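Based on the hints, put chain B in the right spot on chain A.
Residue numbers (the UniProt record's numbering), protein chains in the order written: chain A, 1 to 265; chain B, 1 to 496.
You may find that some hints are simply not true.
[Said to hold, decoys possible] Covered, in the sense of this in silico footprint (three residues per stretch, anywhere, with C-beta under 8 Å from a C-beta of chain A), are these stretches of chain B: (1) 375 to 381; (2) 384 to 395.
[What the hints assert, rightly or not] Take a look, some chain B residues computed to stay more than 10 Å from chain A by CB distance: (3) Phe230; (4) Pro299; (5) Leu452.
Hints were generated in silico from the structure; no laboratory data involved. Small disclaimer: the values here were computed from a predicted structure and weren't measured. C-beta: ideal position from N, C-alpha, C; glycine also.
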Amino acid sequence: MNDMRPLERIVDTDTVKISARNVQVHYGETHAIKDVDVDLEANTVTAFIGPSGCGKSSFLRCLNRMNDTIDICRVQGDILLDGEDIYDKRVDPVQLRAKVGMVFQKPNPFPKSIYDNIAYGPRIHGLARNKSELDEIVEKSLRRGAIWDEVKDRLDAPGTGLSGGQQQRLCIARAVATEPEVLLMDEPCSALDPIATAQVEELIDELRQNFSVVIVTHSMQQAARVSQKTAFFHLGHLVEHGETGEIFTNPRDPRTESYITGRIG
Amino acid sequence: MPVLWIVLVVLGLGLIGYFAGRMRALGTAGGDTRRLHSLPSYYGWHALMLTVVPSLLVLAAWLLVAPNWIENTVSATLPEATIAESGSRGLAMAEVRRAAGALDRAVKQGTMDEATVATLHSGVADLADVTARLKETGAIITSDITVSVLRAAQEYRLMAKASGAYMTFAVLLLAAAGLVLALKRTNKDFRARNVVESGIRVILILASTIAILTTIGIVLSMLFETGNFFERYPWQKFFFGTKWAPDFRGDSELGMLPLLWGTLYISVVALLVAVPIGLFAAIYLSEYAGPKLRAVAKPMIEILAGIPTIVYGLFALMTVGPMVRDWIAQPLGLGNSTNSVMTAGLVMGVMLIPFVSSLSDDIINAVPQSMRDGSFGLGATQSETVKQVVLPAALPGIVGAVLLAASRAIGETMIVVMGAGAAAAQFADGPGAVINPFEAMTTVTVKIVSQLTGDTDFASPETLVAFALGLTLFVITLGLNVLALFIVRKYREQYE
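Just chain A, with the same shape it has in the complex (with noise of 0.2 Å):
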């Protein structure tokens, strides 16, 4: 996106989820983001895409705040979430995260069981006021995550069990049980086989009604297929920002063009 506009932007803050200004990210020496500068906008999907190392997914554990777990790395400029500033002192990352929520580009099921793995978010967090309550909250995130109907009868089995897709939906029926405002996902598909990326990607379409989804993905068919908004990365800068079916048609942008053509990345 370019920084022409910026009366037009306050305008629509009403559909902006999160908003992020002059966004500088370095681990150590290195400069891995430069002035990122994008709306997000709720009930929408939007694709993170770019080759390898352009500072998409960096930019992704920015929004809530993941980046902290890293000692080396510094974040400077603007991130608002609903017009709050999540890198304010009195935000606390830890509540921050319960509202954006993240999925991991590996599926990273707890050791525990399927049970244990959806009630882990609304324990920590206080949630449920008794058992039938977190029941319910678990049965409805997995339905969310469209994997009740194959774990129902063996909820007590360890989610370290499941095959490699439904891990993966396990870990976005987590993610959503703590009832986010925005789902952050990295890479969600990338270790999975083409029959669970289509379960994934469906289900992401449906998450859609809920929450505000930011996709970071290799694939720009799953970026077209998915996202309503698409921003394109490259060497830390974010190129260009838009619909994803402007994006993919009729890029502005040069590189944007080279890239969705299969010219670099």
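Same frame as chain A, now just chain B:
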């Protein structure tokens, strides 16, 4: 030829074999290594292995078997009267061995020659004079030597000498045969690399077999002596007796329970100290501390593991014991002894901290970062993540670490003697005295030592009880290990 020389000669032959094999292989290939099946050094190793390994194995086997065989043969020739005189066959044979040793020394020092030695037992020589002359050599001869002992000793010497000669011959012959065979097999198409590979496998199998056989040997020897003990003392009284009062004049009460209680009590106190502190230290180091602090702190904690237990014992005796008595036991009116379960338990606990912390730290570090990310991503705090994700994932390893520490605690002796004393728990004084952690108490290991030190004969239950106690401890630690294995298998939370 002394054994050292035999070994050196065999190794020398092996070295010759290495170079000869290499050269021969290269020779058949016309000096072109590319035409050889294997690298030249493999031909060398092949010859070296074939020369050294079988001959040294035979040497080892001979050294193990021959003395026993000689002893049995000689002891069969001892007249009953001599055995009766010494008390038992074993004691008589000990005398024979001493006499043989003395004769060897006499010959070596030149006070006797082989011819005189050979005629000593024919009845001509003055036995008192022989005894005196043998004593002069510096050998320990307890009583006057008898003709039958002399005869046996001479026979013993001759057989040992013959056995040594045969052994030297056999070993060297085998080494030479191996060398020749290896060189004969060597040519450019010989698959030396494959032979060396399987040879290495055999050597590795031998090493592990020795380790396993040793364990079996230890258990068998303990079982044998324990069987002897239970022939002399009823097992019900040993396992269920509540009084420990050994008396070398006989009529002892050898109940195991007071000692077992002491062992378990002190170990539990030690683990109560070591497990929380060690585990928390491990969590801090692996989850919270920065890399710089970790690099310094971890070795510092591990220094604790390098302190000899006797030093811990001194610490218990001089510092912790009086402190526990003056500040806790006496004000509370619970006792006024510097030796107490608490003292030994506290100090032993400190000793065990590095066992728990170091192992747990490694295991916690092995939990994949993706687990932590997953938990943080759901909005968990660091301690929630540790408690609910990292520790359960690391649990099998942590259980292993704790049980290792428990085995150490159960086997510990020095700290107990100096910290908790050497008096067994007095069940007769009522449960208060037994449960009071400020009373002196002692453990199984301490009593094993005290039953076996000093002048002991291995025929009384007071001595043999040590083996029964040792076997009991062995079974307990074995049980702990099996339990650990079971827990680890059952609760292993696989994260891959």
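Quiz prompt | Non-conforming hints, listed in increasing numerical order | solution = none
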